[in-house]
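*Asks:* Given next are the chains, with one letter for each unit.
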Amino acid sequence: MTPPDSRSAHAATPDSYYGRPILKEPVWKPQIPFYLFTGGLAGASGVLSLAARISGDQRLARTSLYVGLAGELVSPALLVTDLGRPERFLNMLRVFKVTSPMSVGSWILFASGGATTTAAVCDKLARLPRAKRAAEIVSGVSGAPLAVYTATLLSDTAVPVWHEARRELPFVFAAGSAASAGAAATLLLPPRAARSSRRLAVAGALAGECMTFAMLRRLDFLAEPYQQAEAGTYKRVATAATLAGASLLARRGGRSRPSAVTGSALILAGELALRWSIFKAGLQSARDPDYTVRLQRRRLRQNQ
Amino acid sequence: MPEDGLVWTGESYDNTSALGADTWRHVAFIEQRAPASATDESDAHVDALRWLMSSDVCKHCTHAACLDVCPTGSLFRTEFGTVVVQEDICNGCGYCIPACPFGVIDRRTVPDSSRPGIFAGAEDGRAFKCTLCYDRLKGGHEPACAKACPTQSIQFGPLDELRDRAAKRLEKVRDDGSIGARLYGEDPDDGVGGFGAFFLLLDEPEVYGLPPDPQTTTRDLPEMWRTAAFAAGALVAGVLAIVVGGRE
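Taken in order, these protein sequences are the chains called E and F. Under this note's numbering, the first residue of the first sequence carries the number 1, and numbering increases by one thereafter. Under this note's numbering, the first residue of the second sequence carries the number 1001, and numbering increases by one thereafter.
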């Protein structure tokens, strides 16, 4: 960037104090990128289960219900162990704040987790059909917010590559979680019972790739962290695995169980790698003051 | 805050290295390759160094992102208009840390023996930052930094009064030859609604490791929630179209 005229020509370095970070790097541990994946999988599985129930596909509905249950059980464990004070996890439900996506998300996860668990228990015991129906509806309705809110959570920070991705990130997460839910069900069902879930996995994977591409294009120079270092490696793995999995599922997933299993596993791995890439890109961009300064200088020039 | 080792780094007089939640040091010397004053223009002084001062004082933003995003209500706005963490409520979720556009607040990692049960002696884990000495303000005193500063470089008072004083001081500093001098954070119309603690800088904010145009991230939150609602709707519509619409 061109330094503004008023800048001293003698500045220690042009854009920062010896490259020291301006922002503090997020302190979130690996539990968080894993949760971005499991939360999305759980949420979209709730939606898929309810949609399958509506369409009369009981086998898919049941499979997705249990996939959702697995995600809903793992997610709180990941979140609680990430806290600096895990013993105070209940403070998350102390208030409800729309200004805090984490507060909103805690309540969504609470509602969704409760509903999915209730539905799964009723299903397992084959009792209380009306409670099960109600729980499935709550699980399905809270599923989409659960899959998407984490994008808002990341965007609602001062981290350049997350905040500036705020228009695309929820769509990346929505499509990716649909792909995960579809792939997980396809992995567990025989090919003839997995027609819908297979289509969802392929469509979600392709939509996710398109949204990610659009996001990186609009991020301009802020796309760099997504292509460099660890984030770049995860991104390349994500794209390769997702596209390979989608292609395999589309071509052979309906006929061959091994192909269906491999393709689904590739999509799941690709979606997990994508969440890791997004997470790591945020840390990398927070660490480097150049991204913060260039973004803000550009904004100042544009507002002049 | 326990003593943290009294370790100096080799960066000239900058013995602070990093200001944050794990140290009692909150003021940094900023080294700049520039003549001490602009009236010193002889070439012999081009390689001269000057020393600027900075600190990680919380800016106590009028629109504070850390407070907005705190999911437990631990961060709150005091009766003095400052922003303070209630340490008995903070569960160390870490959301305030990337929300702060200045990199002020951070999680404390030094061990804490007062934690209960299996966590005894584990790292503190809660978020810490400058409180503008909430306890002292309640007792009618000025913050410790302003009290201790021997040159009155750190001043405390009503914001309007400080803004007037700062404008006069800026004029004086500029007349004395520091043409790069400017106020940072005194404007209530800036991206964070004005700082509760603002600065007279002698150069661009970046030179001090400060962001040139900080913004409260939650300013864009209504737009972000709308986008999320669209994305959630698209997810539901997509799944229904494929599963219900696509059945044979």
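Derived from the structure by calculation, the hints contain no laboratory data. Every residue gets a Cβ at the ideal spot worked out from N, C-alpha and C, and that includes glycine. Be a bit skeptical, because a hint or two may be false.
To spell it out: a stretch of chain F is covered by chain E in this simulated footprint if at least three of its residues, at any positions, have a beta carbon under 8 Å from a beta carbon of chain E; those stretches are [what the hints assert, rightly or not]:
| no. | segment |
| --- | --- |
| 1 | 1058-1071 |
| 2 | 1157-1169 |
| 3 | 1194-1201 |
| 4 | 1215-1224 |
| 5 | 1230-1244 |
*Asks:* Quick check: the segment 1194-1201 of chain F, covered by chain E? Criterion 3+ residues, Cβ under 8 Å.
*Replies:* Per the Cβ count (0), the hint is violated.
*Asks:* Cut-off 8 Å, C-beta pairs, minimum 3 residues; does the coverage of the segment 1157-1169 of chain F by chain E stand?
*Replies:* With 0 residues in contact (Cβ-Cβ under 8 Å with chain E), the coverage given for the segment 1157-1169 of chain F is violated.
*Asks:* The segment 1215-1224 of chain F covered by chain E? Criterion: 3 or more residues, Cβ-Cβ distance below 8 Å.
*Replies:* holds (count 7)
*Asks:* Apply the coverage criterion to the segment 1230-1244 of chain F and chain E: a residue qualifies when its Cβ sits closer than 8 Å to a Cβ of the chain, and three qualifying residues are needed.
*Replies:* holds (count 13)
*Asks:* How does the segment 1058-1071 of chain F fare against chain E when you require at least three residues with a CB closer than 8 Å, holds or violated?
*Replies:* It holds, with 5 qualifying residues against the three required.
Of the numbered hints given earlier, the model fails hints 2, 3; all others are met.
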